[in-house]
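K.L.:
Mind docking chain B on chain A? Use the hints.
Here the protein sequences line up with chains A and B, keeping their order. Numbering-wise (the numbering used here), the first sequence opens with residue 1 and increments by one. Numbering-wise (the numbering used here), the second sequence opens with residue 1 and increments by one.
None of these hints come from the bench; they were simulated from the model. Hints may contain errors.
[To be verified] Each pair of labels, with its calculated beta carbon distance range: (1) A/E245 - B/V18: 43 to 49 angstroms; (2) B/L22 - A/Q150: 22 to 28 angstroms; (3) A/A229 - B/A58: 46 to 52 angstroms.
[Stated by the list, open to error] Only some residues are given here: those of chain A computed to face chain B with a beta carbon under 8 angstroms: (4) S91; (5) P226; (6) I231; (7) R232; (8) A246.
[Stated by the list, open to error] Below, a sample of chain B positions facing chain A; criterion: calculated Cβ distance under 8 angstroms: (9) T300; (10) A301; (11) G338.
C-beta: ideal position from N, C-alpha, C; glycine also.
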Amino acid sequence: MRQLTSGALLDAIRGVHWPARRVIGGAFQGAHRSSRVGSSPEFMQYRAYQQGDDLSKIDWKLFGRTDRVAIRLAHDDSSLRTMVVVDASASMAFPPDTRAKWELAASVGLALVAIAHGDNDPAGISVAGGNGTVTLPPRTRRGTVANALQLLLETTPAGSSPLAPALAAVRNSRRVAVVSDFLSDADALLDRARELVAGGREVYAVHVVAREELDPRLRGDVVSDPEDAAIRRPLDSAALGEYREAFAAWREGLAARWRGAGVSYTLATTDEPPERVVRRIAAP
Amino acid sequence: MTFLAPGYLAVAGGLAGVVVALHFIVTREPATVPLPTARFAPDRPVRARSRTLRFSDALLLACRTGLILAAGAALAQPIPLPERNPLARIVLADRSGSVADPAEVRDSVRALVSSGDALVAFDSAASVGSLSAALVSGLRAAVSMRDAADSLELAIVSAFGGDEIDQATDSIRALWPGGIRLVRVAARPDTLMQPAVFVVGGADDPLRYALPGAATAPDAEVRVVRGVPGGADSAWAGARNHALVLWPALSPGAAVDTVGAVSAGDAVVVAPFARGRREADGAGRIVARWLDGAPAAVETAHGAGCIRRVDIPVPSVGDLVLDSRFQRLASRLTGRCGSSARSPGLDGPRLAALAGPGKPARVAATSIGRLRVVRSPLTPWLLAGALALGLGDLLLRRRRPLRMPEAPS
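One chain only, chain B, in its complex shape:
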């Protein structure tokens, strides 16, 4: 049983207490009866007497206190809600490939989840999780749980990789009215550190400006071939967990059309790219896409490593390659196998923004989702009871006998 407006019940309780106190505290004026020969009675002061609790008085007291309490309970609108938990926790567990050790996620979830809580595992089949999708799932779970708990708490167990958030994350996060408990687990190492990249090409290759940290030694984990790859390159990629990036330079006159933008994970570059013949339409994991959705980079497994074909032209004119957005795009496209679009983990301020201000606070269940009009089924009955008690009070007062001098026997 819960009350939609418990304040009324508290006020009614206070009033009932006052009524009970007055019933026992207030003295009554003694009954005065006419007697023509009153002058012969001894002249003594008239004193008020405390009220004696007669049976009719007890009934009156019960009627009046019952009336007040029933009216207060009716206004408080009691709602019978069996098995309503005071707190329910919604745990969003990251099961994507961003997490280094799923057992760590499991242990963290066990520490958080208890009976009545909800567990949402997101992106278990994806290599990169999406916090936006997870938050949407959490909000839906909260809406379904708002009637089963008084307060809700949202917790996210994730590696919080930089590629797990997108442009919609902040907007979706704002839909949760309170703080979020963030439990960070270890991320896969390749998501945190950019591997060494070796560019096979001319010294004036503009891609080198986009990859300022490119290694000079050929023993890097990622090899970028700007021309035609040879068999040694393929053998190198398939021998170990190496990534061979085939990023040919677009020959003049090979342009088929132009496109306005390209994106790889969170790296987006808006520029008039001259797109050549599409070579990346084959099977494989799409690492980058053009603005119109066409794949711009595709990665295919090759032995122990992978071969990643990039059809994005590197402009040799202009300073686009010096732009940080293009450099980030190049960095994404020259990552390890399976993580070409990943970014380093979220930094402290970004995590703080995701967690929200202050400690993870409990959120009132009524503040989640659309307000639902709840009507108490007991209110009309309580009001009827109060009315009946009021009538009983009147009847009891009318039946109280008028004290008159007794007739002579």
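Isolated chain A (complex conformation):
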């Protein structure tokens, strides 16, 4: 967790924005283009005055020049309530000596919270691990990023906790990012993501994969799933090829299904700096 505590990550993402992928209909002032007509300085069009319109919105200069009573319409900027859900199951604590997957997931999650908070969006984080799900609701106030950092630092990946309930609990957020290896309940998670997308939410899926998972160098040993003791299989040189093929096919299928559901899917490997992963997510 040196990268989180050193502040280098937050320095690296300074100036990065995470705009909404489409016009949104939020009521709060923010940095994202809203579907509502508001009073921002950016002019949109004139509309004839109708009974009931706010008299203060009448363009009196236009009335003086043309004797037409019209209302000046402008774009409205809206905030985007953002929630980042981070998987803290036992499979994220891999490799056991470096826990690189959890380092990357925590870094990406914190960076997304920081970017959203920097855009004046209410940002929160939810960490689902063996001890249950701990959620910091979206806030815009100062200290939100620090609270998220503290939560991540206090979390130790363990157990096998499904991520779908945590995703279902963030329906009131308009933008949801899921940082996980999708090894626990990928199908249920995808169903919840579909529901969110159908509800007009922006969903981002960040798939964290360790380099050691892509290319394990365990010749002649038995590998076991840290979340399921029943899965215990030999992985020798003969089985390594089949393993790679099966894992690659699963990743491709996972990406296709998530993208097909309208989710922004990003694959992040542990040998990639987290700030680069965040830039790919925020500015694709």
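P.N.:
For chain B alone, coordinates are given in the frame of chain A:
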């Protein structure tokens, strides 16, 4: 090198063998490493593999077997004993006058004695050997040889005359824990057969009852004169190997004192003898003694024969002369020259008792004499070596690397 408790070494050897067998037989569980994506590996059964003999494993095996063997050797208490014979024989050779032919004794001894054995020649200057003294000498020799041999065997080469044993022989024999090899050689003839005795005296002489086999003809080898000997008697004794026994009858009133017992060789008679004036104090071979040690019969050489003076009164009253002990005493005193105290050779049962039950068995050297506390000088070193090997085992096990997934290159 010998071991005081070799059983421990055998047990340690067995345990070491078990350790070696387990090292090669026991299979090990393959190392299991966590991999979150293990589900993508092909589902095949996990099989235990036999243990490969790596260098560290060989060192561990050497440490463990060495530890067990060192501890077992320490408990077995090795004692370095160079040139320790498996068997040493102690040969007691009778060189006394009881043996007819010394060359026969020499030949028998040569057949028994080999390198490392002990030869004890006893009573070479005596006319009658003493088996008790010989056995004592043999026991002393055994004590001195107990550290040079694992087993000891005692052999006696003797004529085993009846006069060579005494009251202490059985007790001394019992000190030897095993059997004794007895090699009997020919004895002097006079030790085996009582010569013909002619008594010169009255027909009612009570001595005749003590010598029931006395000859009636005067050509016997031994002549007993109860009265005053004449010149013919002395000439008869000195002419050939004749024994003239001067055994005067004690005249009434000549008694000086009384004494309770008299002995001649193994013949002992306990009775109130009226002792007269001591006539047998002169020079010569003492054949019989009184209870207080005074000579009761003395033999002196006379020409080719001898003259034996006996101062033991023959009671004319009572039945003492009919007692077998007195008859044996009379027989001893009327023997040939130089053998008046001798008796016939030991009979079979007596010899069997002397040899002991069963065959002459080898006796463990440790059973001879007082037990000596032996401490192995190698025991502390072996225990220290075992401790060092145990520590080496721990170090080797700690240095074995924990197999982890390799880091990406």
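K.L.:
Each hint needs a verdict: does it hold in this structure or not?
P.N.:
The hints, checked one at a time:
1. A/E245 - B/V18: 43 to 49 angstroms: holds (47 angstroms)
2. B/L22 - A/Q150: 22 to 28 angstroms: The hinted range 22 to 28 angstroms is violated for B/L22 and A/Q150, with Cβ atoms some 53 angstroms apart.
3. A/A229 - B/A58: 46 to 52 angstroms: violated (34 angstroms)
4. S91: holds (4 angstroms)
5. P226: Hint holds; A/P226 Cβ to chain B Cβ min 4 angstroms, cut 8 angstroms.
6. I231: holds (5 angstroms)
7. R232: holds (6 angstroms)
8. A246: holds (4 angstroms)
9. T300: violated (110 angstroms)
10. A301: For B/A301, the interface hint is violated, since the closest Cβ of chain A sits about 108 angstroms away, which is over 8 angstroms.
11. G338: violated (101 angstroms)
The structure fails to meet hints 2, 3, 9, 10 and 11 from the earlier list, while all remaining hints are met.
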